[in-house]
Amino acid sequence: MDEDAGSMQRIFNSGVGAIVTKSIGLEPRNGYPNPTLVELDHGILNAMGLPNSGIETFQEELYDLKKSNIPVIGSIFGKNEKEFVKLAEKMQKFGADAVELNLSCPHAKGYGLEIGSDTKLVKDITSKVKDNIKIPVFVKLSPNTTNIIDIAKSAEAGNADAIVAINTIKAMKIDIELKIPVLSNKIGGYSGKAIKPIGVRCVYEISKNVDIPVIGVGGITTGEDAIEYFLAGASAVQIGSGIYYRGVEIFKIICDEIEKWMVEQGYNNLSEIIGVAHL
Amino acid sequence: MNYPKITKIIKIKDETINVKTIMFEYSGIIKPGQFFMLWIPGVDEIPMSVSYIEKDVKGITFKKVGDATKALFELNEGDKIGVRGPYGNGFKIEGKNILLVAGGTGIAMIAPVAEEILNKKISTTVILAAKNKNEIFFENRLKKSGLELFITTDDGSKGFKGLATDLADDLIKKNKFDSVITCGPELMMKKLYKICSNISFQASLERYMKCGIGLCGQCCVGKGLRVCKEGPVFDEKMLKYIDDFGIFKRNAAGIKIKF
Numbered sequence: 001m002d003e004d005a006g007s008m009q010r011i012f013n014s015g016v017g018a019i020v021t022k023s024i025g026l027e028p029r030n031g032y033p034n035p036t037l038v039e040l041d042h043g044i045l046n047a048m049g050l051p052n053s054g055i056e057t058f059q060e061e062l063y064d065l066k067k068s069n070i071p072v073i074g075s076i077f078g079k080n081e082k083e084f085v086k087l088a089e090k091m092q093k094f095g096a097d098a099v100e101l102n103l104s105c106p107h108a109k110g111y112g113l114e115i116g117s118d119t120k121l122v123k124d125i126t127s128k129v130k131d132n133i134k135i136p137v138f139v140k141l142s143p144n145t146t147n148i149i150d151i152a153k154s155a156e157a158g159n160a161d162a163i164v165a166i167n168t169i170k171a172m173k174i175d176i177e178l179k180i181p182v183l184s185n186k187i188g189g190y191s192g193k194a195i196k197p198i199g200v201r202c203v204y205e206i207s208k209n210v211d212i213p214v215i216g217v218g219g220i221t222t223g224e225d226a227i228e229y230f231l232a233g234a235s236a237v238q239i240g241s242g243i244y245y246r247g248v249e250i251f252k253i254i255c256d257e258i259e260k261w262m263v264e265q266g267y268n269n270l271s272e273i274i275g276v277a278h279l
Numbered sequence: 001m002n003y004p005k006i007t008k009i010i011k012i013k014d015e016t017i018n019v020k021t022i023m024f025e026y027s028g029i030i031k032p033g034q035f036f037m038l039w040i041p042g043v044d045e046i047p048m049s050v051s052y053i054e055k056d057v058k059g060i061t062f063k064k065v066g067d068a069t070k071a072l073f074e075l076n077e078g079d080k081i082g083v084r085g086p087y088g089n090g091f092k093i094e095g096k097n098i099l100l101v102a103g104g105t106g107i108a109m110i111a112p113v114a115e116e117i118l119n120k121k122i123s124t125t126v127i128l129a130a131k132n133k134n135e136i137f138f139e140n141r142l143k144k145s146g147l148e149l150f151i152t153t154d155d156g157s158k159g160f161k162g163l164a165t166d167l168a169d170d171l172i173k174k175n176k177f178d179s180v181i182t183c184g185p186e187l188m189m190k191k192l193y194k195i196c197s198n199i200s201f202q203a204s205l206e207r208y209m210k211c212g213i214g215l216c217g218q219c220c221v222g223k224g225l226r227v228c229k230e231g232p233v234f235d236e237k238m239l240k241y242i243d244d245f246g247i248f249k250r251n252a253a254g255i256k257i258k259f
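Chains as they are written, first to last, in our numbering: chain A, 1 to 279; chain B, 1 to 259.
Simulated from the structure, these hints should not be mistaken for laboratory data. Quick reminder that beta carbons are idealized off the backbone N, C-alpha and C, glycines included. Keep in mind that a hint or two might mislead.
[Said to hold, decoys possible] Calculated cross-link-like contacts (lysine-lysine; reagent style DSSO-like; alpha-carbon spacing at most 27 Å): (1) B:K80 / B:K96; (2) B:K223 / A:K173; (3) B:K8 / A:K179; (4) B:K31 / B:K258; (5) A:K173 / A:K193; (6) A:K186 / B:K190; (7) B:K5 / A:K170; (8) B:K240 / A:K79; (9) A:K93 / B:K256; (10) B:K240 / A:K66; (11) B:K96 / B:K5; (12) B:K258 / A:K66; (13) B:K174 / A:K186; (14) A:K67 / B:K240; (15) B:K96 / B:K190; (16) A:K173 / B:K8; (17) A:K66 / B:K223; (18) B:K240 / A:K179; (19) B:K133 / B:K158; (20) A:K252 / B:K223; (21) B:K229 / A:K252; (22) A:K66 / B:K256.
[Unchecked claim] Partial pick of chain A residues on the chain B-facing surface, computed with a CB cut under 10 Å: (23) P28; (24) P33; (25) S241; (26) M262; (27) Q265.
All chains should be built: construct the whole structure from the sequences, respecting the hints.
Encoded structure:
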């Protein structure tokens, strides 16, 4: 629910601090044919295929959204440095408060993970984008790599303002009755409850190895889940699939749950618990 | 769990030259106005409103319009499809005297509503509207005592000649309807909505849909109302806040397309 101004407005009103848009590219993309999303036992598998209206058309949604002063993090995806820079410049021009580089989509050929698993490319893209815009730059990383710490360090070396971890995990579901993969793209990204321990581990490892803030994401459905991410070193968290499990109201509910836990534990400020598990 | 159940087509019926009904085994309760996500393996998965409701068998009725429905049109009895749902809210049957207005393939969704209203012994008037006589279906299904049936076609080849909204306007002036329920082309529904300023009103909206479970945001209207979750049926209180009603829909890329 992050492609049009109305939806993002609704999410904002349900208690979030900022909104990350759907990943936007230079040209419109329809995404893959359905099935693009299916619920599995412990999570959600999707291969939407980066559907988006293209940055020029998306401008209209941002314009509507900015009327209400909602902090917007514009997620962008490109094939190369040049595309990322162009998209980032547009996002800034159209009013985004930060950009998030999607270097981690696991199911779109030529994009995302295919770029985001190369340390040199990650550093180059990040620093080029940084050189050309003033708003903060976040880099979203994939767990589908053996070297997430190195990738995070590369983003830091490219002057990223924060790391976002993790994107979905490459996965597949085969229907045993039809004997074919369910998703039209066959391979998708797994999100939801099942991936939380993987996300927590990545955030823990990354925050131990870089000095910039880490934004934790992956399988958060409760305040306790978010607290785990904070303890692992996250300075903020993102929620997507959680909307499926607990509705659009999830944001307010989770904030209340975090607050309740903090009161019980005697904390006054969230910063007191960030990275505590490292000590 | 929101995972497609693989089931067999048990019966196929031709309704018009390009409209078919497919019946399949699927247990469970479903309300008129709710829909399934129907998977045609290897082709696509599309939302389909329920047109027949039996205990262990459900049916959908559809027109051959795009690649997915063309593929669905070619399937045979015994072929396997994937079905998940039911999704969405469905219609609320309230009132003592209800007018149903169905346009084009909207007839498929309205027919089970009419049957439920009849079961509740509520007085019902139904308008079936189409471009011409060849596109009218379910006429015999709805010729039942207790139900007043009107047919209107754009070219006058059957029933009244003219728009469903003109006939509805006329009937609303002459009768005391306390509720109007509609499914059909959005511009028709929008016009009807304006006519029904003092009557309880429900319209079923159609938008490009992907996940069907309120997550992807593809089908959102107004201020983040998900047609698959908060809809597809919206009443006059909700429609008031849906600025895009009758104005635009979005394509698969999320680009606005004017009606």
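Check your understanding: If you draw a straight line from the CA of K173 (chain A) to the CA of K8 (chain B), is it 27 Å or shorter?
Key -> Holds. K173 (chain A) to K8 (chain B) sits at ~21 Å (cutoff 27 Å).
Check your understanding: Taken at face value, is the distance from the CA of K179 (chain A) to the CA of K8 (chain B) at most 27 Å?
Key -> 15 Å, holds
Point to revise | Hint consistency between K96 (chain B) and K190 (chain B) [alpha-carbon to alpha-carbon, up to 27 Å] | key: OK: K96 (chain B) and K190 (chain B) at ~24 Å, within 27 Å.
Review point. Taking only the CA atoms, is the gap from K80 (chain B) to K96 (chain B) under or equal to 27 Å?
Key: With a Cα-Cα distance of about 42 Å, the restraint between K80 (chain B) and K96 (chain B) is violated, given a limit of 27 Å.
Review point. Can the restraint linking K5 (chain B) and K170 (chain A) be considered satisfied, given a maximum Cα separation of 27 Å?
Key: With a Cα-Cα distance of about 24 Å, the restraint between K5 (chain B) and K170 (chain A) holds, given a limit of 27 Å.
Check your understanding: Is the straight-line distance between the alpha-carbon of K240 (chain B) and that of K66 (chain A) 27 Å or less?
Key -> 23 Å, holds
Check your understanding: Holds or violated: K67 (chain A) with K240 (chain B), Cα cutoff 27 Å?
Key -> Satisfied, since the Cα-Cα distance of roughly 21 Å is no more than 27 Å.
Point to revise | Straight-line alpha-carbon gap K223 (chain B) to K173 (chain A), limit 27 Å | key: 34 Å, violated
Exercise for review: Would you check whether P33 (chain A) satisfies its interface hint, that is, whether its CB is within less than 10 Å of any CB in chain B?
Suggested key: 5 Å, holds
Point to revise | Holds or violated: K258 (chain B) to K66 (chain A), with C-alpha atoms at most 27 Å apart | key: 23 Å, holds
Review point. Given the proposed pairing of K173 (chain A) with K193 (chain A), does the C-alpha separation stay at or below 27 Å?
Key: 16 Å, holds
Check your understanding: Does the CB of P28 (chain A) sit less than 10 Å away from some CB of chain B?
Key -> 4 Å, holds
Comparing the model with each earlier hint shows violations of hints 1, 2, 4, 6, 8, 11, 13, 18, 26, 27; every other hint is respected.
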